[in-house]
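With the hints as constraints, model all of the structure from the sequences given.
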Amino acid sequence: MKAIEGRFIELVTAVIPAQVTLVPDAVDALTSNHGWDTVNYRNYLTDIVSEFHKYNIRTSIFVDPVSEMVENAAYTGTDRIELYTESYAANYHSNRDIAIAPFIAAAETANKVGLGINAGHDLNLDNLRFFASNIKNLLEVSIGHALISDALYYGLETTIRKYLAELVDIP
Amino acid sequence: MTKLSVNINKIATLRNARGGNLPDVLKAALDCERFGAQGITVHPRPDERHIRYRDVYDLKPILTTEFNIEGNRRQVH
Numbered sequence: 001m002k003a004i005e006g007r008f009i010e011l012v013t014a015v016i017p018a019q020v021t022l023v024p025d026a027v028d029a030l031t032s033n034h035g036w037d038t039v040n041y042r043n044y045l046t047d048i049v050s051e052f053h054k055y056n057i058r059t060s061i062f063v064d065p066v067s068e069m070v071e072n073a074a075y076t077g078t079d080r081i082e083l084y085t086e087s088y089a090a091n092y093h094s095n096r097d098i099a100i101a102p103f104i105a106a107a108e109t110a111n112k113v114g115l116g117i118n119a120g121h122d123l124n125l126d127n128l129r130f131f132a133s134n135i136k137n138l139l140e141v142s143i144g145h146a147l148i149s150d151a152l153y154y155g156l157e158t159t160i161r162k163y164l165a166e167l168v169d170i171p
Numbered sequence: 001m002t003k004l005s006v007n008i009n010k011i012a013t014l015r016n017a018r019g020g021n022l023p024d025v026l027k028a029a030l031d032c033e034r035f036g037a038q039g040i041t042v043h044p045r046p047d048e049r050h051i052r053y054r055d056v057y058d059l060k061p062i063l064t065t066e067f068n069i070e071g072n073r074r075q076v077h
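Which chain is which? The protein sequence lines are A and B, in order. If you're matching positions, the first sequence starts at 1 in this note's numbering and goes up one per residue. If you're matching positions, the second sequence starts at 1 in this note's numbering and goes up one per residue.
Hints in this document: simulated from the structure, not taken from any laboratory. Take these hints with a grain of salt, some might be off.
Stated by the list, open to error - Label pairs and their in silico Cβ distance ranges:
| hint | chain 1 | residue 1 | chain 2 | residue 2 | range |
| --- | --- | --- | --- | --- | --- |
| 1 | A | 75 | B | 23 | 37 to 45 Å |
| 2 | A | 129 | B | 16 | 30 to 38 Å |
| 3 | A | 91 | B | 61 | 38 to 46 Å |
| 4 | A | 75 | B | 24 | 36 to 44 Å |
| 5 | A | 94 | B | 58 | 39 to 47 Å |
| 6 | A | 168 | B | 54 | 15 to 23 Å |
| 7 | B | 17 | A | 43 | 39 to 47 Å |
| 8 | B | 17 | A | 46 | 36 to 44 Å |
Source: prediction; values computed, not measured. We treat Cβ as the ideally placed atom computed from N, Cα and C, and that holds for glycine.
Quick look at the structure:
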């Protein structure tokens with residue numbers, strides 16, 4: 001386990017990306033399926049954020065849309081949070097207003113405590129615009145599975161243009 | 001405006017299915033940028049089942065947009 005920890009840090013600090021997004025995955029996770037508990041892992045996250053900041057790497061902490069988790073993320077010194085949007089995507093078609101509500105609240109908290117806001121997981125061409133329209137100061141969305149799947153039908157170029165089109169002219 | 005970062009893990013999954021270099025993950029990342037993506041995201045996992053650590057090292061010098069690495073230092077259940 002220690003070797004795995006060291007390997008990720010070694011990778012990130014050697015590559016020095018613009019941003020590192022910390023995700024609390026289990027080794028055998030099929031995909032990321034929950035956000036950080038920023039209350040219980042506050043010290044741990046603070047240490048790793050400060051380590052990456054030494055290399056001028058922007059940090060983002062993956063969190064569920066729970067204001068308490070967002071507020072506590074700020075104590076770690078992180079630059080941003082990434083809102084885990086699985087529940088939004090899953091509930092979008094049954095009632096999008098209910099689905100977005102916790103994200104609006106979490107984003108308000110993030111804006112209040114000065115955290116930048118990213119989002120990701122299961123965002124797609126159906127649900128992206130409504131999400132971006134309702135989340136103030138949404139800086140970045142990261143999209144993989146749905147976008148690559150769409151590319152099978154539309155091609156990669158058209159697909160990317162379609163996603164970008166969902167993010168323009170947001171009120 | 002909100003930036004779009006394309007996560008290219010699934011392209012690596014497809015490549016890894018046959019053991020060769022098709023599709024070419026590095027080329028796909030550059031094409032995503034060329035088509036307008038403002039960032040590239042990768043999420044290397046310890047078993048390297050999609051993006052490999054080698055890919056991450058190889059991507060950094062060629063990307064011109066924001067490179068975002070997702071991951072976990074500690075494996076938390």
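Hint check results:
no., hint, result
1, A:75 - B:23: 37 to 45 Å, "holds (42 Å)"
2, A:129 - B:16: 30 to 38 Å, "holds (33 Å)"
3, A:91 - B:61: 38 to 46 Å, "holds (41 Å)"
4, A:75 - B:24: 36 to 44 Å, "holds (42 Å)"
5, A:94 - B:58: 39 to 47 Å, "holds (43 Å)"
6, A:168 - B:54: 15 to 23 Å, "violated (36 Å)"
7, B:17 - A:43: 39 to 47 Å, "holds (41 Å)"
8, B:17 - A:46: 36 to 44 Å, "holds (40 Å)"
The structure is inconsistent with hint 6 alone, although it conforms to all the rest.
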